[in-house]
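A.B. asks: All chains should be built: construct the whole structure from the sequences, respecting the hints.
Residue numbers (the numbering used here), protein chains in the order written: chain L, 1 to 303; chain Y, 1001 to 1246; chain S, 2001 to 2371.
I should point out that these hints are in silico values taken from the structure, not numbers from a laboratory.
One or more of the hints may lead you astray.
[Unchecked claim] Below, a sample of chain L positions facing chain Y; criterion: calculated Cβ distance under 10 Å:
hint	residue
1	R10
2	E13
3	A14
4	E181
5	L185
[To be verified] For the chain L half of the interface with chain S, some residues (derived, Cβ under 8 Å), not all of them:
hint	residue
6	L71
7	G273
8	V286
For clarity, every value in this text was computed on a predicted model and none was experimentally measured.
Built from N, CA and C at the ideal position, the CB exists for glycine as well.
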Amino acid sequence: MKWKKHLVTRFLEAVLNGVSLGSLYSLIALGFVIIFRATGVMNFAHSSFLLAGAYVTATVSAKSGFLVGLLAGVVTAAALGAFTQLVILRFSKDKSHLGLSVLSLGVNILAVTEITRRIGDNTLPLHDPWAASVWQFAGITVPVSRIAALAVAAALLTGFLLLFRFTRWGLALRVSAADREVAALVGVPMGRVSWTSWAIGGAMAALAGMFLAGFPAPGVEPSLTNSAMRAFPAAVLGGLDSIPGALVGGLAIGIAESVTATYEGHLGGFGSGASGLVAYVVLFAVLLLRPDGLFGTKVVSRV
Amino acid sequence: MVLAVENLTVRYGSAQVINNVSLRVERGEILALLGNNGVGKTTLLRALSATLGMHGGKAAAGTAHHATCDLLRANAVAVVRSGLAHVPEGRRIIANLSVEENLMAGALAVRGAAKIAARRATIYSLFPVLAERARGRAGLLSGGEQQMLAIGRALMSHPSVLLLDEPSLGLAPLVARQIAATVRQISDEGMAVLLVEQNTRIALSVADRVAVLGGGRVVAQGRPKDFADGRVLAELSLGGRARERS
Amino acid sequence: MSEPRRRRLPGRGQALTVGLLVVAVATPFYVGPFWLQVGLTAMAYAVAAIGLAIQVGVAGQLSLAHAVFMGSGAYLYSFLGGASTGQVTGLGWPPWLAALGAIVLTALLGALCSPISARLRGLYLGVASLGLVFIASHVMQRFGALTGGPGGREVPPLRLGPLDFSDDTTWVIANVPFHQAEKLWMLGLAVLAGAYLVARRMVAGRGGLALHMMRDSEIGAAAMGITVWRYKASAFVIAAVYGATGGVLLALLTGWVVPESFGFDASVNLLIMVVIGGLGSIRGAIPGAVFVSALPLLIARQAQSIPLISGTGDSILGPGTLSTFLYAGLFIVTIMFASGGLDRLVALAVGTRRPQRRIAGGLPGKYAQEG
Ligand SMILES: Nc1ncnc2c1ncn2[C@@H]1O[C@H](COP(=O)(O)OP(=O)(O)OP(=O)(O)O)[C@@H](O)[C@H]1O
Ligand SMILES: [Mg+2]
Chain L
1 MKWKKHLVTR
11 FLEAVLNGVS
21 LGSLYSLIAL
31 GFVIIFRATG
41 VMNFAHSSFL
51 LAGAYVTATV
61 SAKSGFLVGL
71 LAGVVTAAAL
81 GAFTQLVILR
91 FSKDKSHLGL
101 SVLSLGVNIL
111 AVTEITRRIG
121 DNTLPLHDPW
131 AASVWQFAGI
141 TVPVSRIAAL
151 AVAAALLTGF
161 LLLFRFTRWG
171 LALRVSAADR
181 EVAALVGVPM
191 GRVSWTSWAI
201 GGAMAALAGM
211 FLAGFPAPGV
221 EPSLTNSAMR
231 AFPAAVLGGL
241 DSIPGALVGG
251 LAIGIAESVT
261 ATYEGHLGGF
271 GSGASGLVAY
281 VVLFAVLLLR
291 PDGLFGTKVV
301 SRV
Chain Y
1001 MVLAVENLTV
1011 RYGSAQVINN
1021 VSLRVERGEI
1031 LALLGNNGVG
1041 KTTLLRALSA
1051 TLGMHGGKAA
1061 AGTAHHATCD
1071 LLRANAVAVV
1081 RSGLAHVPEG
1091 RRIIANLSVE
1101 ENLMAGALAV
1111 RGAAKIAARR
1121 ATIYSLFPVL
1131 AERARGRAGL
1141 LSGGEQQMLA
1151 IGRALMSHPS
1161 VLLLDEPSLG
1171 LAPLVARQIA
1181 ATVRQISDEG
1191 MAVLLVEQNT
1201 RIALSVADRV
1211 AVLGGGRVVA
1221 QGRPKDFADG
1231 RVLAELSLGG
1241 RARERS
Chain S
2001 MSEPRRRRLP
2011 GRGQALTVGL
2021 LVVAVATPFY
2031 VGPFWLQVGL
2041 TAMAYAVAAI
2051 GLAIQVGVAG
2061 QLSLAHAVFM
2071 GSGAYLYSFL
2081 GGASTGQVTG
2091 LGWPPWLAAL
2101 GAIVLTALLG
2111 ALCSPISARL
2121 RGLYLGVASL
2131 GLVFIASHVM
2141 QRFGALTGGP
2151 GGREVPPLRL
2161 GPLDFSDDTT
2171 WVIANVPFHQ
2181 AEKLWMLGLA
2191 VLAGAYLVAR
2201 RMVAGRGGLA
2211 LHMMRDSEIG
2221 AAAMGITVWR
2231 YKASAFVIAA
2241 VYGATGGVLL
2251 ALLTGWVVPE
2261 SFGFDASVNL
2271 LIMVVIGGLG
2281 SIRGAIPGAV
2291 FVSALPLLIA
2301 RQAQSIPLIS
2311 GTGDSILGPG
2321 TLSTFLYAGL
2331 FIVTIMFASG
2341 GLDRLVALAV
2351 GTRRPQRRIA
2361 GGLPGKYAQE
2371 G
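C.D. replies: Here's what the structure looks like:
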């Protein structure tokens, strides 16, 4: 009887951690989707926004305390996002979506290279208030940082869903995403919608990055960008232009990853580290069945 | 005079589509713009609503003004704020938003919640069927209802000039006539309307003046009664095409 | 409206090509091992980059996984041609068969991608291809018996019949001893020339036209009777073959393969080569590859004389970092202001003008509409 309970709690822990991790992926994916909807660009610089936010959070909070650090990180990432749109993409002669997306990849290379150079071989601690403390509840053990992540992500995601549905900014975004010409005809200030979306995407990535660098992760390292790369499939999985899709995609990938991490030890040598791949395995499986993602709208192109 | 276009020339890359066109539309007047497929009617409207650039086109010469707004220089937001609204070809309502959200999209350039709500009420009284379906998905509306929604969306920004691109497209004659009657009503309340139409019967029945586009030029202008004999138009269209080839 | 006639000076292009070839053939007689290494690395990447230029530039299929094909070629060659030792297994095939096998098997891998690629439009494909990078790096790290794990495995030298490309024998040509690097140089040159000519023919032919049309509009291409999924699959297979060939070359010249050579960064570098070269241009891919692959080597060699950088310490600008800044910067500038890339420079030198092509092509007036 005892071992059975052990199995159950272990599974529950895995799922709970997965939901928390997944809510972070949802946050990243949502920012990615907002940018995609507003500008049609697949933002390959998203992982650099995340890393920049976490890096600034860690360095500033070492001197000025965690909250100031977090604020600085979020603002930096938002500024980086706005900069990418206002200074790089806006002035590109090649305005095709593919060209702009590849351009964002260039921004990513520059930013990640620079931050990696600054971090060097170190791991920067976050100085977050919950540090390595854990919660014990009915035999389940979960890091407090994960609970905090879940709470913050849930609040932010709800907030954004409400913004989308009930504000003019949300409507402007939905109209620009659906039909850019109509958006122009009704007088949506496209420039402003674009750069605010990039800034919001950056800020959300920074918040998620901060939590991803916290316990049980060791701190801010360049490899943090891999987490952002696992959120790309979350966005594509959901259909890329769908807000609920980003949420569901993030959660699905978070849970799948966490459950795999719990059991990958049983898979032998080849299994260790497999949790890092699960995101893409899930993505391939879904895309084979539903090429437009779980919630994506079928795109009808005009020839 | 509300809308004035002088010697306008428009190109897509090296292809010249509009050639030295001049037009005027006054307050409370409907000018019907007729012409063959591909003659450049939509292109002309795009030039006036600052959306030509997103199609790769360019106004190469001439001027276009609405009140004090220089339409060829202003951006799309400024054009809408100046009081010009463009109902695009094919209606282009946003299918997965609700009817009401589509309407409210038309007011995105307008400030003031109370003003917007009052405007919406006016439009619902103009098109009662939209009020009935306000919460439903716009994609589920019939073609005629979608056209009403597209016109309503344009009216949300309180325009004084309305550009209408083929409102009768794909509609049953009865519905098309109904919509034309509404346009007449709007115009009678003071709106200047530039109406692009393929359906010459409807256009001639509601318009105050008519201009025929051929080969990128205005080949004829006049009162609807001047074109009442179908042969006049047929001849003009042929003439336009012949010039296009040369 | 008739365009002004294209200026074309027929002699100049050919003269330049022949001149370059003569210089390239003469190089191993004159330069030392460092420059041979630089040139060989560039050739290996150039072959691979040509494949990517076809896939991304011509067919419009964004791939961030091209290094996977290089890695597949390199590892499969080592596995098929290598001997079994304590740590790794190998099949011990004759090297030419191993090279052929590596390329064919990688082509199969490319074909295996087609169920996914056929369902995705260009941008989605970019993200999906990231998955291939991560899965491949997992395989390279964890399948120790085949790959040697993180430490990598040795690469058997190439022998083609009587021609031995190892250091075991030395050829003497015109009184110059030909060691491994000189011999591989000649091989690399031949392979690159062949790869280039074949690519030009493919792109100029009917298939190339179909790929172009697919890039500009998949639906348009389908309406013209082009079987889109089949051409997408063939773009993948072509990219795989070129990638694997470049990978085998790279493996031969390094003599040892490790997973890092074929990860995300390597894939991104390949994309940079193609973009800097001028997307859609086969011939531009070659200078692009030379630039991106040679830059870190040259900077490392000149490290002492360049301020800001030095060999040690982690917060100091290393040669790798500096060169990344340089080519990433050039990459951004190319897309922003000069999508013709290095190809335009070549065109100026040669005196021919090609119509400039954008990455995705297509009229800006094509808006996707939700239905
Ligand atoms: N984005 C574009 N790029 C290049 N050429 C275009 C573009 N849009 C339209 N054209 C060309 O310009 C000409 C005029 O097109 P336009 O759509 O203005 O015609 P139209 O009079 O509205 O025709 P219809 O009655 O069929 O709607 C056509 O020859 C068309 O092929
Ligand atoms: Mg038209």
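A.B. asks: Return the numbers of the hints above that this structure violates; sort them in rising order.
C.D. replies: 1, 2, 3, 6, 8
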